[in-house]
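So the chains spell out like this:
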Amino acid sequence: MITTATPEWLLQPEVALCPCGCIGRRRKANFVDKTLQNAGGLLLRTMFAEDAATRDGLLQRCDARAKLAGGAVLLLAAALVHDVRVLVVLYLLTLAVAVASKLGAKFFVQRVWLFVPLFTGIVVLPATLNVITPGRIVVPLGTWFGYHLGVTSQGASSAAVIVVRVATSISLVVLLTLTTRFADLLTGLRALRVPRLFVLVFSMAYRYVFVLLATVDDMYTARKARAVLDTRNTKRGRQFVAASAGALFGRAHALSDEVHHAMLARGFRGEARSLRVARVSANDVVVVLVAVVVSIVALGGDRVLR
Amino acid sequence: MSCVDTVMELRSVSYQYLGRFPALDGVSFTVGRGERVALLGANGCGKSTVLKVLDGLVFPDRGSYDAFAVPVTEDALEDDQFVTAFRSRVGFVFQNSDAQVFSPTVREEVAFGPLQMGLDSPDVERRVDDVLAMLEIAHLADRAPHQLSGGQKKRVAVASVLVMNPEVLLFDEPTAALDPRAQQWLVALIAELHASGKTIIIATHDLDRLEAIADRCIVFSEDHELVADGPTRAILDDVALLQRVNLVHDHAHVHAQEPAHRHLHGRGHHQLAG
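Line order of the protein sequences matches chains E and V. At position 301 of the first sequence the residue is numbered 312 (this note's numbering), and the sequence of numbers has no breaks. At position 128 of the second sequence the residue is numbered 119 (this note's numbering), and the sequence of numbers has no breaks.
For the record, the hints were derived by calculation from the structure and aren't laboratory data. Where hints are given, some of them may not hold.
[As the list claims (entries may be wrong)] Facing chain E, a subset of chain V residues (Cβ under 7 Å, in silico): (1) S3; (2) Q86; (3) A90; (4) P95.
Just so you know, even glycine gets a beta-carbon here, dropped at the ideal spot from N, CA and C.
Construct all of the structure, not just a fragment, from the sequences and the given hints.
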């Protein structure tokens, strides 16, 4: 039998709160809150956006296996080339392919150059100085404890090689991921003899990022819906983050148990099996050949120019 | 019921999670071929655990479980031949479709089971196409699970089990979190599957749809014991029993506009007989 004893206070309005909100003081949203919200939103938008992969562009018409193989060859070539001019040509080529694949030059350049400073900035900047790379100073930076500090031409050219190489490599990867649906990418990995179990784990990790992301979003929204006090209180914020992380870990663990049961229930015994992959077409071979020829020309050009 | 007609039999099964949280206490029942059985009880009474035991996903601490007249134990399920036969004969539709739908696309999800059973790729592809068409989700074949609604995910989960053509289908709270239209579709599908000879076992506390999905009810108490087993109508008419197992409460009232139309307030809005 269910009995309900409603406490008296629950039957009264909260007199301390003015319904029109006139006694309130406006506060700007917490920086961490906004960052969390935007980061979550960005991740969702990025991962949901498979529209680029479905456009009728040059690379979208190619098979994922050919793109994977061709991309790997070109990545290797970019890693072996040492002449900045050759690297610049390779980079411009990726830009041209991006445009031909209807990705939009501005969008593509932004996507690539967002990561370049992140990956290379910390490494490259000190290497341009005469402290690390001795040579002819082209940009003097003054005197530091009696030592002349400046950017050397040798340091700058080494840095340029690294920066353009990273930009080219990232461009190749971005080209591949933007023009290929994730499921096709996995099929391509399987066709290239990547162990099936690895592909299975990779695909499931990708799959459940969405589920856990939705959980984080729910927890955050639930907290926000009840947050009356100043959410900028850092101690409270830290407590929330710690509690959320713990709760999320627990849910992830429970979910992993359920998923494992669901796999066992359909006969999984540790060996991943998958649908057969379609045969390689002549177009796919051409894509790989083009990548190989471009790589050979780039490496040859590098040898001639150095 | 003869031995041949019995597809599943639990004998005095007890189970505790982590060795200290009881989920089942001395549960015994049999399920006959072609039966349509509902496992009924309040939240946390052990319904889902029974389904997991029936599917050989957890094993009793005490008591025993036979399926198709063969003991189902951890050892038995390590046998390749037995596990393949058992998994292809018993299908389990989980309550949480997100846990069940784990592949990158709907097509691969539905193909997962038959591939594990060792079917050839052409056979698997034919079955997948057939079952996607049957459940009217062929247009979703290349979609990723995160692009599906709750109802669509449930259809994919059902398809991923049906494609293996199991004799026994276990459903855990199948209508939970579905909109009325999706619920109606699922109820109709269960009826259709039953009519085609499948044995159906459903864990639920949805009293509204009970008669539409089950002919027999096995009721569990909050003490994790089996307290009743009988025809659905008889169970629904036993208000005292339903109150005792916390499926309805005693706030029965008469609607002002419909004086003769009495209701019990339970988890659904169950109409009383008479």
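Verification of the hints:
1. S3: Violated: closest Cβ of chain E sits about 24 Å from S3/V, beyond 7 Å.
2. Q86: violated (9 Å)
3. A90: holds (4 Å)
4. P95: Hint on P95/V: holds, closest Cβ of chain E at ~4 Å, below 7 Å.
Hint check: violations occur at hints 1, 2; the rest are consistent with the structure.
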